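Student: Join the two chains, each given in its own frame, into one complex according to the hints.
The chain contents come next:
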Amino acid sequence: MAERTQKPKSTGRTDDTVEVDTDAAPAATEAGEKLKAELDDLLDEIDGVLETNAEDFVKSYVQKGGQ
Amino acid sequence: MALPKVCGIETEYGIIVRGGESNPVSASSLLINAYVARITDRGESRTGWDFNDEQPGSDARGFSLDDVVVPELETSLVNAVLTNGARYYVDHAHPEISNPEVTTAIDAVRFDRAAEEIIRLSVEAANLQLAQGSGSARGSEIVVYKNNSDGKGNSYGCHENYLLARQTPFGRLASQITPHFVTRQVFCGAGKVGTEVTGADNDSVPFQLSQRADFFEEEIGLETTLKRPIVNTRDEPHADAQKYRRLHVIVGDANMSEVATYLKVGTTQIVLSMIEDDVLGDEWLLAHPVPAIRQVSHDPLLAATIMLADGRRATALEVQWGLFEMAKKYEQHHGLASVGEEAGRDLLARWERVLTGLESDPGSVASWVDWVAKRRLVDGYAERHSISPGDARLKAIDLQYHDLRPDRCLARRAGLETLISPGDVAAATREPPTTTRAYFRGRCLAKYPEAIVAANWDSMVFDAGREPLSRVPMMEPLRGTAEHVARLIDESATAAELLARLGS
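The listed protein sequences correspond, in order, to chains P and S.
Under the working numbering, think of the first position of the first sequence as 1, with each following residue one higher.
Under the working numbering, think of the first position of the second sequence as 1001, with each following residue one higher.
The shape of chain S in the complex, shown without the other chains (with noise of 0.2 Å):
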């Protein structure tokens, strides 16, 4: 039986300093404090990230390279934990935001809203010390942006996280989910004026399904931030490492609509699902994954055909008709407990009709699917204003379609559909998910912040004012959440009384 499909995304956003100089990393940790001085009644107070599990280096086939590779952590940047969950922090030059671990697609998204609520709060906050402050700075202003790349040749990632039991062999892994990594972008693509494939003329793609598909040149590795890998091999399960693997999935865009977040979520959870159970098989195989990313991406159309191993070729949209019709299946045979039946159901009524939609008429389908909402904008405004492809105004309709900025923001004005409320998403930025240790984390971050030294993933550190300083493992993933932990909190008045409990 697949174990529950934890999981959680993790967005590094574009970020830009208007009317003043721009050095991205001081403008994300001035974001990131401005926004954890708004949230606390003393900035201090705020509890640092625990660095002591972090192991990025290792490698699920089964090698380590933390000795020989610098470590992509940069510890002494800002970094906060959330009482949603979330850790908040500077990563290579962006601002990021790690969402708790969740246990369904539907919460997935709810993360992800609440993280650009909290990116906009943290922008009003930094423009408002911005505003008031002196020198060169004065007057300047930030905008952050969700997308993947900035039509040069940078990119950075929105990456999602699976668990998955340990005994699921990582090669059967990484070739079977390939096939839904490089196909899924029909439905989950967050759309692209122009291509950054290195060497190619920018506008000889006037407009491509996904943001970073231009930006994967192997198919299985363990680097993030060149020679991307379609299967990344990052092998650190935040977790017990004797049963559980988290698949670090860097192949998505950021999406702007709900639904696309969610399919994208819920698909892949699904298919990991079947692949843990080993009923997918090898029928979809690709025979050249990486040049079939591009294509795939590269073909609004959505006519171009693949090479599948065993010879026969096919579209994206018949790779992901026989992933779809594997699922329905495997539905009935098997259940979809992993990801929940009743969102099992929901999901599988939700990728039928997004495939039909974009069989059929991908117009249809613009509430849903953000490269098709996209591109009815840029093809609309250019054949209004006349403008051949590459010009700079297609360009920045591009861009604006990702503006964090409500006012300034395009695919609010798209019409796409949500599924989460204003108030759920408000909810979200200060409440953590109840059905994961995400749950005690936040939970005791709230109500016990003075006490808490360092938190990360797995652990938590407290001050109950005694020494040593008490380390509370969280290796499992499942425990901490409400059922077990909330009425031990909301009966403990003092973290030493928690503790005490605990161990007792």
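Isolated chain P, as found in the complex (with noise of 0.2 Å):
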């Protein structure tokens, strides 16, 4: 079994390795909770313009083959 290459980020990268402060969790999860509220509007606006017979929409894209 050949043997995994090791991964370059340990030794290649050195400058700007982030410091991880004893408040980040709490700032996650907040961020957390605003990319899925993001997430949830965004989902409330593709029920607004999605094609509204999805079946139909899928089968008729039909292209011819080009490069």
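It is worth saying that the hints were derived from the structure and are not from the lab.
Since this is a predicted model, take the numbers as computed values, not measurements.
Beta carbons: idealized from backbone N, C-alpha and C, even for Gly.
Any given hint might turn out to be false.
[Stated by the list, open to error] Cross-link-like lysine to aspartate or glutamate pairs, in silico, EDC-like; alpha carbons within 20 Å at most:
id : chain 1 : residue 1 : chain 2 : residue 2
1  : P       : 34        : S       : 1417
2  : P       : 59        : S       : 1021
3  : P       : 36        : S       : 1379
4  : P       : 59        : S       : 1141
5  : P       : 64        : S       : 1021
[What the hints assert, rightly or not] Among the chain S residues that face chain P by a calculated CB cut under 7 Å, a handful are:
id : residue
6  : 1024
7  : 1092
8  : 1094
9  : 1150
10 : 1157
11 : 1381
12 : 1383
13 : 1392
14 : 1396
15 : 1408
16 : 1412
[To be verified] Covered stretches of chain P, going by a simulated chain S footprint (3 or more residues, C-beta under 8 Å):
id : stretch
17 : 35-43
18 : 55-64
Tutor: Shown next as structure tokens:
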């Protein structure tokens, strides 16, 4: 079995390692909540603009092959 | 020293006619003619394309198929050259825009966005004609998609082109660029619901990174429409063939994300520069590129490993990290003049950021990476409505992500970061780039439209009112820039004056 290559991550990149501070966890949760709220809004919007008959739309989307 | 990485993107768009008879060739022609009529005072004064120097059958491996294959270019179809230096035409039943030559990745993005805007304006003009028309077409509507597959096994391309020194050995170029082409899809894949691998159940892959990966069956070859190769050998430099080659890249997806286009072009410019300077080496060569490109695409968890030529295994991200680290060293030892020093530093920073993000939490780069943004919509929608893979609504989301109607386009709603302002996009639909020969092409078309009989990538034919017609060759992609000819064009009131001054 061949060896897995070592990730260059640990050897090459040096300068900008992010320090994890203790407040990061709640901040991340907050950011996660915000992301989820954004996604919810987006999904509401998709419900509004998505082709009404998805099945027909998908079936009728036929292209000739190109390059 | 690597040559400046002059480059350009050409995109074939998907097209449908809703509520009418759907003939993609006539719909594409209508689209382009409507646009040309809209931008010119007189529809008939547009400039045609000049096919004199086209040889798509020439193979970089040293032979020519021009005598045995039917030319791929159908000269009778609609074909226009625009004042921004682009070519707008019908190719293989698709509207296609070949963007002008540029020198930086950010300019490639600018003209890619301009092409989308040209399509939007074309659709508006064409649909106005259809609304006013008579017969069965009345009231039908053209819709255009910037994607690369219909989900049913038919693919159409978004190609990139890069200028290289002729002396770069093609064999080395082909083998060393392949690892990048197979793995760069982790950040520039446009995402796809389902698979189109021949014989596979469409729903056996719920979601994959790339639109195009399913369609590649060879490592290297001349074909572009069947048995597509990862490295295309078309040897048609559209420039001095003694000095240059043009690498015609057919393996990429059309991106909705501007940052994805930026990274796709910019990282490829850098990797090609390293190959040209022969510093990339063979460390990341792949053992089996064709299965690998699908394997990487079919693995949104980014965990699968592919076999390298020396027997090691690596994930696509590890290959990308390897290439990135070499690029950083290259920047330190050689500089990045070939892509622009400042542009190069920004590219490296973003390249590192996208790999870091993909490795730790792909969701963190949803504003950059199309497949991540699309997958978020597909998965979120499936969860909300309790839909299982294979449902038509998920495929509809996939298609509609690429819908170029602003009020329908899902990519526009997905929170993608933009790099180009709307004003700059609008200007780029009309004005050429300043740093290549496209400047001369575009400015002449804008200033002397009556005097230009035909134009193509490497020449222009003028009718300045005397016999014979004058052909101005443009075999050097980096001549005819604003720096060289802006004053000359500014000061020449007529084409005859311009030609006289060019000749003197």
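Student: For each hint, tell me whether it holds in the structure or not.
Tutor: Hint check:
Distance check on the hinted pair: residue 34 (chain P) and residue 1417 (chain S) sit about 17 Å apart at the alpha-carbon level, within 20 Å; holds. Pair hint residue 59 (chain P) plus residue 1021 (chain S) holds up; C-alpha atoms about 16 Å apart against a cutoff of 20 Å. The suggested pairing of residue 36 (chain P) with residue 1379 (chain S) holds, with an alpha-carbon distance near 13 Å, which does not exceed 20 Å. The hinted pair formed by residue 59 (chain P) and residue 1141 (chain S) meets the criterion: a straight-line CA distance of about 18 Å does not exceed 20 Å.
For the hint pairing residue 64 (chain P) with residue 1021 (chain S), the CA-to-CA distance comes to about 15 Å; that is within 20 Å, so the pair holds. The interface hint given for residue 1024 (chain S) is met, as the beta carbon of that residue sits about 6 Å from the closest beta carbon of chain P, less than 7 Å. Contact between residue 1092 (chain S) and chain P, as hinted, is supported at the beta carbon level, the nearest pair being about 4 Å apart and thus within 7 Å. The interface hint given for residue 1094 (chain S) is met, as the beta carbon of that residue sits about 5 Å from the closest beta carbon of chain P, less than 7 Å.
Of the supplied interface hints, the one on residue 1150 (chain S) holds, with its beta-carbon coming within about 4 Å of a beta-carbon of chain P, less than 7 Å. With its C-beta approaching chain P no nearer than about 4 Å, residue 1157 (chain S) sits inside the 7 Å limit, and its interface hint holds. Because the closest C-beta pair between residue 1381 (chain S) and chain P is about 6 Å apart, less than 7 Å, the hint holds. Annotation: residue 1383 (chain S) was flagged as interfacial toward chain P, and the flag is violated, the nearest CB pair being 9 Å apart, outside 7 Å.
Proximity of residue 1392 (chain S) to chain P holds as hinted, the smallest CB-CB distance being about 4 Å (cut-off 7 Å). A cut of 7 Å between beta carbons decides the hint on residue 1396 (chain S): the least distance to chain P is about 4 Å, and the hint holds. At a threshold of 7 Å, the smallest CB-CB gap from residue 1408 (chain S) to chain P is about 6 Å, leaving the interface hint in force. The closest approach between the C-beta of residue 1412 (chain S) and any C-beta of chain P is roughly 10 Å, which is over the 7 Å cut-off, so the hint fails.
Residues of the stretch 35-43 of chain P lying with their CB closer than 8 Å to a CB of chain S number 5, which satisfies the three-residue condition for coverage. Here's how the stretch 55-64 of chain P fares: 9 of its residues keep a CB closer than 8 Å to some CB of chain S, so the rule of at least three is met and the hint holds.
Of the hints listed earlier, those the structure fails to meet are numbers 12 and 16, in rising order.
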